[in-house]
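Following the hints, complete the assembly by docking chains B and C onto the known chain A.
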Amino acid sequence: MTSEERASSRENLQQPGRLGEGTVATAGPTAVQKPKVSEGRRSERKLAWMLCAPAAVVMVVVTIYPIVYSILLSFQRYDLRFPNQKAWIGLANYGAVLTNSFWWHAFAVTMIITVVSVAIELVLGMALALVMHRTLIGRGTIRTLALIPYGIVTVVAAFSWQYAWTPGTGYLAQLLPAGSAPLTQQAQAIAIIILAEIWKTTPFMALLLMAGLAIVPDELQKAAAMDGASTWQRFTRVTLPLMKPAILVALLFRVLDAVRVYDNIYILTNGANGTSSLSIITYHNLIGGLNLGIGSTMSVLMFITVVIIAAIFIKGFGTAAPGSDNQGRR
Amino acid sequence: MAITARQRSGWTVANIIVALYVLIPVVWILSLSLKDPSTFTDGHYFPRKFTFENYVNIFKVGGFGRPLINSIGIGLISTLIAIVIGTFAAYAIARLEFPGKRLMLGGSLLIAMFPQVSLVTPLFQIERSLGLFNTWIGLIIPYITFTLPLTIYTLSAFLREIPWELEKAAKMDGATPFQAFRQVIAPLAMPGVVTTAILAFILCWNDFLFAISLTSSNSARTAPAAIAFFTGASQFEDPTGSISAAAIVITIPIIIFVLIFQRRIVSGLTSGAVKG
Amino acid sequence: MHTSLAVGATAIMAGTLLSACGSSSSGTPTLNLYAYPEQNRPAIVQRCNQQAHGQYTIKLNILPRTADQQREQLVRRLAAGDHGMDILGLDVTWTAELAKAGWIREWTGANKQQAQNDALPAPLSTATIDGKLYAATNNTNVQLLWYRSDLVPKAPKTYNEMIAEATRLKQAGKPHYVGVTGAQYEGLVVWFNSVLAAAGGSILNKAGTKVELGAPAVTALETMHKFATSAAADPSLSNTMEDQARLAVEGGTAAMEINWPYVYASMATDKPDMLKHFKWAAIPGITGAGRATIGGENYAVSRYSDHPDQAFKAALCLRSPANQKFAAIKDGVPPTIESLYHDNTGLDASKPVDAKTNPSMATAYPMRDTILAEIKNAVARPVTATYQNVSTVTSATLSPPASINPTPTEQTLRAQIADALQSKGVLP
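Chains as they are written, first to last, in our numbering: chain A, 36 to 365; chain B, 126 to 401; chain C, 391 to 818.
Bound conformation, chain A alone:
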C-alpha cells in the first residue's frame, strides 16, 4: 500500500498523548470499574461497536481470510497447470523456496533497494522539508510542486524514467557512452529503480519530516542561537533530537513501503537481469507461473519479513512504539 495512509496514521502514532487519552480512559473504567458500567456507557459501547463493525468486517474479510487461505495454500502442491496433482505436502514448498538462489537473490535486491533508497530519501527529504518549512518566498508553490511526485501514478513516473534511459530515445541515455543500455545491466538497472523510488517518495518523506519540524519550538532554536550555536549545530543538537520520533515513524513507513516495491520494477525491467524484488518474484511465480503453492509460500515469507522489520523498528521506538503496551502511559 502506498504511503498516504501511513501519513495520516503517523500523527496518531507519533502522539501517544492523543491516542493515549482514549487508551487510558478505556483502560481505566473498563478494567477497574467493570462491575459498575453505567447504562450510558453500555449504550455508548454498543453504538461504537456498531459504527466500527462495517469497517472491521470489510478489513477482516478481505485480508484475514485471504491470509489464512494463503497459509493453507503454502502447504499444498497446487499448480494450476497440474490441477489433478493437488496435494498436501507439508513444508516442502518452504524448503523449495528457501533453498532457491533466485529467492535469496530477490531478497538481497529488495534489501539493497530499501536501504539505499530510504537512506537517500531521508537526507533529501530532510532538505526538502527544510525548504518547504522555512522558505520565505513561494511557499505555497513549492508545496504544490512537491505534491506532484507524491500524487503522480507510479506507473507514469516509471515510464518517464524508462524512456529517459532508453538508448536513442532518452535525454539521459544520451549522456552515456554509445552502446550502453543501462536498463539491461543489473547494477545500473537497480540504480535506476532506486532513482525512480527516490524521486517518487522523497516528497512524502519530506511531508512527514516537515510535520516533525513544526513541533520543534522556535524558542529553543533562538535560545541555542543566542548561546552561539551555528546553524548546523542547532540542526544537529536541537532539531534532530526533537524530531527523532518523527524520523523513526517516517523511516518505518518508508521501509515497509520500499520492501514491497513493485510498480517501478514491473515497468522498468520486470525483474529481468537479476532485478527481481520480493514482490516481483512472488508475482511471477503466482501469476506468471500459475504455481499457487510456491506463490503463496513466497507471500507468507514476505509477510513474515515485513512483520520482522516492523518488530525491529518497534523495538527501536522503545516506549513510543505504535501499538506497544506502554503507549500513552508516559
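Read the hints as simulated data drawn from the structure, not as lab findings.
Fair warning: there could be bad hints in the mix.
Part of the chain C face toward chain A, derived, beta carbon under 10 Å [what the hints assert, rightly or not]:
no.: 1; residue: Gln440
no.: 2; residue: Glu462
no.: 3; residue: Lys490
no.: 4; residue: Leu817
Positions of the beta carbon are idealized from the N, C-alpha and C atoms, including for glycine.
Then chains B and C, alone, in the frame of chain A:
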C-alpha cells in the same frame, strides 16, 4: 520580518532546485506525448515537431476511453464507500469510549503496512470462484479495504478537532440531534471528509498491482494497467507516443487536485503533528 | 458456486459484462480471437468473416507487446474460466502448457485432418501433445546464418569454422563480430536448444517428463563458451537480442548473425547498398550441419468457448493455405504448409507475378529453400506444461554465456530443470 537580498537569492535557488527536481521527469513525458512519432528517437528533451496525434490515437485506436471510465468509476465508488464506513468508525474512535478501540486502530495499521502481493493469490482464487474476477466489484472490494485505514486515521484526526460543545449548545437551543448534526457538525467535518476523500481517491487511482492481477480485459482494467499493456496505435509501431499521452491524461486529475487542494492535502498528511 | 454476492455483482456490472462477452444466443456468434500484434492479421480476419457467410464473426483482440505479457494475459483469463475468449493465437512453446492444464480443446475428426493436411512435421510437433492435436499451426520460423559476402566469402558450416573466420577478420582489422541472441531471455534458450540439438542431445526426453542433457549438453556448453570468449563475440553479447544482432550487422560492426528471416526485409529497407552482399546459409553445427529451433504461432480453441464448432472452423480459415501465403508475403512469416514453399504464383494467383505489385513467395522469399530445408531438420523446444519454468531457469543459468563452465553448468541446469518439471521450480 524583512527578507534580505541574500536570503531571497538563497531561497530562490533552493526553490528552483526543487522545481527542477519535480518537473524534469514530468515535462519529459509531456514532451514525449507531443513529439511527432518520427522524432521519438532524436533524443531531444523538448519536441522539435509537435503533434496531438498521440492523444487522438489513444482514444480512437487504443480504446483508452474505457479504462479511463473504469478508473474513474471504480475510484469514485471505492472512495465513496470507504468514506461512508470509514466515517462511522472514525466517529466512534474520535468520540466514543469502547473496548477494542486499540485493536481497531492497530488492525487498520497492520493492513496499511501489509504486502499487497500476499493478497494477490487468495484474492485471485476467491474472485475467480465467485465470478468477480475481471469485474468492477472485484477491484472495488480490495480498494475499499486498503483505503479504509487511511480514511479511519485521517478522519478520526479531523473529527477530534471539532469543538463538540457546539453540538451541545445547538441542542440546548432546541435543535434536534439530526439538526445539530446537519447544521453544526457536518459543515465543520466537511473539509476533513473532502481531504480524506481526495487522498483515498489518489490511492485508488494509483493502484497497479491489483489492477493487473484481478482484471484481464478492458471491461474492468483501470488506466494504469491499460497503459502498461498498450500495443501502440498501429501494430508495428512502438507505443511510446500512446503511453506518454495516456500517462499525461491520467496525471491531469492529480495536478488539478494538487493545485486546488494543496493546503488540504498537506494538512491531511501532516495535520496531527503540525497542530500538536 | 455463485453466491448472492456474485449475483449482485452481476446485476450491477451487467453493462460492463455485456461489452465483454459480445456473443448472443441468437444470430451470428461473435468469436473472440486473441493474438499478438501482426500488421496484416486484421485483413485476414476480414477475409474469413466474408467467407463465413454469417456462420460466425471473428473479432480480433490484440494482446500486449511482450511475449511474457501475452502469455500472462491468456493464462490468467483461462485460469479464471473466462468465456470471452474463443480462438487463441499461441506461441509454439505455450501450446503444451495450455493443453496439459486442460484449457484448450483437442482437435478431432475432420478438423484435425484439415489442420494436419500438408503441414510440416516440425511445426506440427509443437501442437501435438501425447499424440493428440491441440492446435492448428499458423506460421513457423527458423533462424538462419546471415553473413556479409564481401567479408566472408564462404558461409561457415560449424562453430569452429565461424570462430576461425571471425579471428581471421579481426586480425585483418575488419568487422568480425557474429551476432547471436545471448541476452538472458528466450533467445538464449533458442540458441542453447539449437546447439544442443547439433551436438545430438536434447533438454528433455521425448515425453517431456525427464531431463536429458548429459554429455551432448556439455559439448554444447563448451561450444557456446568457446564462442562467447572468442573474437566472434560482441562485447555486448550478454545483452544482445534479435534486434541488437540485426543492428550490429546493419551498423557495420558485425560480419555475421544468427537470426530470423525478418532481418532480410529490414536490410532491404535500411541499408539497400549492403543487401547485395547480405547472404544466408543454414545455421552452423558442431561437427556437421546445425539444427534450427522452431518458432512460430499456433491457433487453439479455448475450453471455455461457447461456440467451439464455429471456433474450429474459423481457426481453420485463419490458417488456410491462402491466408498463410498472404501472411508470408505481406508480413514475412514463414508458412507451415509445405506446398506453399513450392508455390510460384503471385499474391493474386490470376495475375502475372511482379515483385512490386503482385509479389510471389519467390520474390518476397528468396531464402525460402534454405528455410524449408532447415524446418525439415529443425527441433522443437521442450514440449512440457512447465515450459515457462524450464525456459526461465535455463536462460538464467546460462547468462552470461562467457561465464559458462560446461560440466558444473550442466549439473546446475539439470537440477534446476528437474525442479521446474515437478513444479517445485522457482521463477526468478
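Hints and how they fare:
With 10 Å as the threshold, the beta carbon of C:Gln440 stays out of range of chain A, its nearest partner Cβ sitting at about 38 Å, so the hint is violated. With 10 Å as the threshold, the beta carbon of C:Glu462 comes within range of chain A, its nearest partner Cβ sitting at about 6 Å, so the hint holds. Annotation: C:Lys490 was flagged as interfacial toward chain A, and the flag holds, the nearest CB pair being 6 Å apart, inside 10 Å. The beta carbon of C:Leu817 is positioned within 10 Å of a beta carbon in chain A (closest approach about 5 Å), and the interface hint is therefore held.
Of the hints listed earlier, the one the structure fails to meet is number 1.
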